[in-house]
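Model the full structure from these sequences, guided by the hints.
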Amino acid sequence: MSDEKKLAIIATKGSLDWAYPPFILASTAAALGYETEIFFTFYGLALLKKKLNLQVTSLGNPAMPMPMPVPVIMQTLPGMQAMMSSMMKKKMKSKGVASVDELRDLCLEAEVRMVACQMTVDLFDFNTKDLLDEVEYAGAASFFEFAGESDICLYI
Amino acid sequence: MPDFNQELDASGLNCPLPILRAKKTLKGMESGEVLRIIATDPGSVKDFEAFANQTGNELMEASEEGGKYIFFIKKK
Chain G
1399 MSDEKKLAII ATKGSLDWAY PPFILASTAA ALGYETEIFF TFYGLALLKK KLNLQVTSLG
1459 NPAMPMPMPV PVIMQTLPGM QAMMSSMMKK KMKSKGVASV DELRDLCLEA EVRMVACQMT
1519 VDLFDFNTKD LLDEVEYAGA ASFFEFAGES DICLYI
Chain W
66 MPDFNQELDA SGLNCPLPIL RAKKTLKGME SGEVLRIIAT DPGSVKDFEA FANQTGNELM
126 EASEEGGKYI FFIKKK
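Protein chains in written order, with the numbering used here: chain G, 1399 to 1554; chain W, 66 to 141.
Read the hints as simulated data drawn from the structure, not as lab findings.
It is possible that part of the hints are untrue.
Heads up, simulated DSS-like pairs for lysine-lysine below, C-alpha to C-alpha not over 30 Å straight-line [what the hints assert, rightly or not]: (1) W:89 to G:1404; (2) W:133 to G:1493; (3) W:140 to G:1404; (4) W:111 to G:1447; (5) W:139 to G:1487; (6) W:139 to W:111; (7) G:1403 to W:111; (8) W:141 to G:1487; (9) G:1527 to G:1493.
The structure is reproduced here in structure tokens:
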């Protein structure tokens, strides 16, 4: 192998906000010349779907900045999550923040390896046809093969 | 102001897009050519420094005028 630096990331979360750290770091690392692999497990698998429908929720997250205070009991009402997600996406767009789709495409373009945890794919009955064609399927041992030689290893 | 071969307007874009666009533009340039980048993200000041340090492309000049950040990067 080359003397390229390596970045290994485990992505375990599948909400709109938590989709950003792995894809921002992976795409930037790739631009800096790192060989990069992301291992997606549990809810992180949602980030590999061809058709992304990521949501954000303020429930259980009192630190989420809100345009106006909304009592928690109101936040549980039907439609609130969809509304907050669409508000968040709009805000991101207005601030020049890339969409998750865009960052993910940049990762793929930069040859970031995307590995799905086979065990959780089976556990949640994911259909591999719904996931990106570039995805590889493997388990913990294969993660360590890459991560063991990495310079930076992150659990997100 | 140094001469430049290509220009990239990354105004309005936020982290990490200015860096990623710069990387992409540099990829299509020849060694020794200079890219002028315009950005509005204040974080890009430190980030282009770090980009240059890690990739070996030379940050020849960085300046600010009227809320815009201008960078000149010479391709390795």
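Hints, verified against the model:
no.	hint	verdict
1	W:89 to G:1404	20 Å, holds
2	W:133 to G:1493	16 Å, holds
3	W:140 to G:1404	23 Å, holds
4	W:111 to G:1447	34 Å, violated
5	W:139 to G:1487	36 Å, violated
6	W:139 to W:111	17 Å, holds
7	G:1403 to W:111	21 Å, holds
8	W:141 to G:1487	37 Å, violated
9	G:1527 to G:1493	34 Å, violated
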